[in-house]
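2 protein chains.
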Amino acid sequence: MSTPAPLCIAMHAADNVAIVANDGGLPAGTVLPGGLVLLDKVPQAHKVALVDIPEGGAVRRYNVAIGYAIQSIAAGSWVHERLLHMPEARALDGLPMATVKPPAMEPLEGYTFEGYRNADGSVGTRNILAITQTVQCVAGVTAFAVQRIKAELLPRYPHVDDVVALEHGYGCGVAIDAPDAAVPIRTLRNISLNPNFGGEVMVVSLGCEKLQPERLLPPGSIPLVDQRTLQQAPLDVVCLQDEAHVGFMSMVESILRQAEEHLERLNARRRETVPASELVVGVQCGGSDAFSGVTANPAVGFCTDLLVRAGATVMFSEVTEVRDGIDQLTARAATPEVAQALIDQMAWYDAYLARGRVDRSANTTPGNKQGGLSNIVEKAMGSIVKSGTAPISGVLAPGAKLAQKGLVYAATPASDFICGTLQLAAGMNLHVFTTGRGTPYGLAACPVIKVATRSDLARRWHDLMDVNAGRIADGQASIEDVGWELFRLMLDVASGRRKTWAEHWKLHNALVLFNPAPVT
Amino acid sequence: MSTPAPLCIAMHAADNVAIVANDGGLPAGTVLPGGLVLLDKVPQAHKVALVDIPEGGAVRRYNVAIGYAIQSIAAGSWVHERLLHMPEARALDGLPMATVKPPAMEPLEGYTFEGYRNADGSVGTRNILAITQTVQCVAGVTAFAVQRIKAELLPRYPHVDDVVALEHGYGCGVAIDAPDAAVPIRTLRNISLNPNFGGEVMVVSLGCEKLQPERLLPPGSIPLVDQRTLQQAPLDVVCLQDEAHVGFMSMVESILRQAEEHLERLNARRRETVPASELVVGVQCGGSDAFSGVTANPAVGFCTDLLVRAGATVMFSEVTEVRDGIDQLTARAATPEVAQALIDQMAWYDAYLARGRVDRSANTTPGNKQGGLSNIVEKAMGSIVKSGTAPISGVLAPGAKLAQKGLVYAATPASDFICGTLQLAAGMNLHVFTTGRGTPYGLAACPVIKVATRSDLARRWHDLMDVNAGRIADGQASIEDVGWELFRLMLDVASGRRKTWAEHWKLHNALVLFNPAPVT
Ligand SMILES: [Ca+2]
Ligand SMILES: [Ca+2]
Ligand SMILES: [Ca+2]
Ligand SMILES: [Ca+2]
Ligand SMILES: [Ca+2]
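Sequence order for the protein chains is A and B.
Numbering-wise (numbering that gives the first Met the number 0), the first sequence opens with residue 0 and increments by one.
Numbering-wise (numbering that gives the first Met the number 0), the second sequence opens with residue 0 and increments by one.
Fair warning: there could be bad hints in the mix.
Identical copies go unnamed one by one, so any copy, or any two together, can satisfy a pair.
To be verified - Below, in silico cross-link-like pairs of lysine-lysine (DSS-like), each with a Cα-Cα straight-line distance of 30 Å or less:
#, residue 1, residue 2
1, K100, K400
2, K498, K400
3, K505, K400
4, K505, K40
5, K100, K404
6, K404, K498
7, K498, K149
8, K40, K368
9, K100, K149
10, K100, K40
11, K100, K498
12, K149, K505
13, K368, K498
Hints listed in this document are in silico derivations from the structure and should not be mistaken for laboratory results.
Starting from the given sequences, assemble the full structure and let the hints guide the process.
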């Protein structure tokens with residue numbers, strides 16, 4: 000096996016660092032293309048100084064100062080995070096407001112997928128019976144009932160993909176009237192209305208919990224119409240404390256009886272051809288490394304542009320991973336109002352973190368640093384690229400439900416499982432997740448397409464990663480190639496023609512709510 | 000069927016209200032024993048005024064002013080929560096510090112149970128393989144592996160009761176260096192060391208997460224000794240990102256291989272006779288009503304005294320449910336230092352709630368109010384009685400591990416699932432849970448004995464409630480009778496001779512961590 004040629008990747012002509020692409024990194028003494036000689040061993044995905052950088056000088060990547068040199072750094076040196084001062088966060092005043100007017104994007108027409116059309120106009124990519132729970136107290140009984148539904152009922156309803164208990168840790172023992180309690184409550188409400196659940200809402204309630212069913216799903220929140228009367232259908236609630244329940248099995252039987260009504264309706268549905276504009280894609284990254292911003296995230300960004308051109312909805316998220324690029328985002332906002340909404344979300348999160356005596360720098364992980372990401376500024380620049388180049392047409396508060404198409408900033412924590420939970424609430428019907436270090440992330444409610452940033456990871460995790468964007472660093476594919484591959488895979492997965500690896504193995508992460516309010 | 004006689008229960012001779020005990024409440028016009036005539040229909044468990052109470056007058060229950068009359072209330076009226084002003088919280092200065100010197104309690108000797116003695120001296124009531132997880136990211140893979148362990152391995156190890164994945168929503172995407180992050184981290188650490196897990200600690204880690212295995216379980220935190228070398232055994236970690244893992248099944252096989260080592264050791268253990276002093280009992284109440292403080296909680300309190308006399312450990316918890324009785328607790332503290340530690344926990348929680356712009360009154364639920372509890376003061380007086388009469392010998396911060404016996408105040412939120420999670424971390428090997436409205440609460444790691452406050456609930460939930468304390472209100476048993484019944488049942492359950500209903504149905508609530516720090 001011949002040694003591959005040394006390969007370094009710079010993101011912008013003005014950058015004074017590049018990252019080493021080779022598996023295993025490069026040893027000191029390596030001569031890079033162009034003649035620069037490495038002074039240190041540089042691990043894969045880590046940065047090398049392309050020129051001498053004086054003490055206090057800006058270290059530039061993505062044409063942004065990701066830090067300032069603590070000491071002078073000679074060309075050819077390994078630029079690791081201990082050599083950098085992190086810049087202050089960009090102040091939230093004086094930002095460019097909707098100043099970028101990109102040329103209109105050419106519409107992308109003729110792409111379709113096979114989806115489940117819902118009564119409210121949304122489209123599901125899966126046909127799932129979801130069982131909403133008001134409170135953690137009922138989780139054990141509901142899990143017991145779901146096992147029986149899967150064993151006894153589901154085989155009789157072959158057009159239903161799955162039955163999913165929407166378990167969570169909220170609902171009682173919480174300060175439900177605290178101002179910030181609106182976030183977890185609307186998250187749970189809106190998850191119940193996710194397009195993959197076909198508009199069939201059934202609730203298991205305890206009875207004495209703070210989050211009463213009528214508070215979770217007040218009249219009017221569910222677009223359910225009784226077909227016989229054309230009136231708003233009553234909320235379908237199984238209340239365990241109902242006096243009619245005598246004995247445990249009577250509760251289980253109530254849940255099965257109600258589930259069967261919904262299964263019958265779900266089972267009558269069929270996929271139909273719908274335009275690609277019905278995709279509602281949530282993108283996020285997790286277990287990131289310095290390749291995330293070089294391979295997988297730019298490919299996702301290219302695909303985001305394709306989706307927006309096709310009239311679809313794409314959400315990007317992760318507040319602490321865009322905070323340092325807020326000026327790029329406000330500039331790209333479609334209107335000054337959208338720019339202001341972006342600023343409002345950043346300001347809210349800054350204050351939230353400050354209450355806990357931390358700031359955005361709490362985001363980076365040991366794995367990020369091992370993976371070559373020096374700090375949150377560098378990580379953010381690589382994260383933000385998932386959003387492509389389209390104007391930002393809207394902003395969603397955490398847990399809110401989408402009401403528009405195009406590129407939307409859905410404000411969420413960067414935590415993979417919390418971000419995914421909030422994107423489900425927004426109405427996501429397909430999830431794209433890029434990873435450099437590797438994570439077996441999956442959701443029960445929605446297919447998750449996982450994109451590896453490195454070929455090494457894609458090879459080792461061959462039955463967990465759905466797309467290998469590492470081929471971009473290997474020189475075997477362009478960003479455009481991988482972006483198109485991802486776009487086509489999305490249509491296949493959305494249509495149910497392909498399963499993701501997470502679906503194949505039934506790997507499901509928990510719903511983890513964002514609750515900025517106290518518990519009691 | 001003859002109509003039962005009207006029955007009202009007052010808690011103290013100085014009280015000016017009593018609660019109606021009869022199923023279905025009592026109609027207006029009912030003549031109570033003693034001649035008082037009801038002016039209103041009074042629901043079961045709700046309060047009736049025993050005398051005329053002037054506007055502004057104190058409404059006394061448990062010999063405490065649970066509120067002040069908003070308007071004058073005539074004798075025989077229904078005293079519901081809308082008629083009461085809630086008192087301010089007791090200030091945390093000037094409290095009586097260890098002023099009560101109760102007569103020494105007579106030791107209770109000769110009671111034993113059959114338990115699993117651990118290397119660190121603690122005793123398990125169950126023999127469970129727990130799989131610790133550093134982060135939610137690995138939950139799907141671990142759940143897959145646990146299914147295979149249960150199907151393929153567990154049948155070969157008949158002395159092992161269960162395999163439990165310690166799933167949680169923490170570990171990454173969190174501000175891990177925030178001051179309050181110490182709470183969830185020590186909670187997870189100490190749960191891994193719960194006596195029911197036999198000292199066998201195995202960890203599944205992703206690799207890039209913030210909560211690295213060495214941070215979760217630093218050297219010295221596990222009392223594991225390699226029997227060949229008598230050195231500290233290395234932490235047993237399966238890291239999914241390990242380069243040796245090629246393909247999903249290689250990760251699963253790694254977990255199975257490691258699990259088998261621990262299963263072999265656990266399977267070699269046998270129960271032995273140990274004194275009742277090895278019980279570590281967590282008591283809490285959930286879904287409370289006005290009977291909680293009349294029947295179930297006093298019976299638990301009597302049993303708490305029995306346990307303390309037997310040399311065992313009893314934890315009571317739920318900060319917002321003792322806050323209004325802090326003067327009783329500081330007075331009962333064994334030393335002024337313990338009293339101060341109580342005050343410190345109350346002050347910390349007051350500040351925590353204030354940061355979220357709420358206070359202790361956020362505790363009560365719709366079910367509490369329907370159940371006759373007017374406010375948190377009344378609820379607290381009924382909750383605190385679970386602690387019996389013994390001196391308080393120690394105070395635990397949330398998530399900390401017990402280091403002493405006797406009656407301990409373990410500070411936790413009142414949320415049932417969060418309180419239970421924190422009591423597991425403290426080292427609980429048996430859980431007692433009282434409920435008036437009814438909850439099917441259970442834990443995978445520890446038996447939960449559920450005590451009903453009302454006979455009506457005990458009858459309807461006959462295969463979920465383990466003890467019926469409602470017989471106290473029915474006049475069929477005394478507090479002492481039920482306290483002794485509970486004590487004997489505890490020894491049977493701890494010995495594995497009896498299963499709780501939650502164990503019978505395998506009803507498990509999730510571990511829900513108390514994380515007062517921000518997520519990122
Ligand atoms: Ca990310
Ligand atoms: Ca993420
Ligand atoms: Ca309670
Ligand atoms: Ca509780
Ligand atoms: Ca779960």
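Hints and how they fare:
no., hint, result
1, K100 / K400, "within (27 Å within a copy, 59 Å between copies)"
2, K498 / K400, "within (26 Å within a copy, 45 Å between copies)"
3, K505 / K400, "within (26 Å within a copy, 36 Å between copies)"
4, K505 / K40, "neither (41 Å within a copy, 55 Å between copies)"
5, K100 / K404, "within (19 Å within a copy, 70 Å between copies)"
6, K404 / K498, "within (25 Å within a copy, 55 Å between copies)"
7, K498 / K149, "both (20 Å within a copy, 27 Å between copies)"
8, K40 / K368, "within (16 Å within a copy, 68 Å between copies)"
9, K100 / K149, "neither (52 Å within a copy, 59 Å between copies)"
10, K100 / K40, "neither (44 Å within a copy, 70 Å between copies)"
11, K100 / K498, "neither (39 Å within a copy, 69 Å between copies)"
12, K149 / K505, "both (14 Å within a copy, 17 Å between copies)"
13, K368 / K498, "neither (33 Å within a copy, 49 Å between copies)"
Of the hints listed earlier, those the structure fails to meet are numbers 4, 9, 10, 11 and 13, in rising order.
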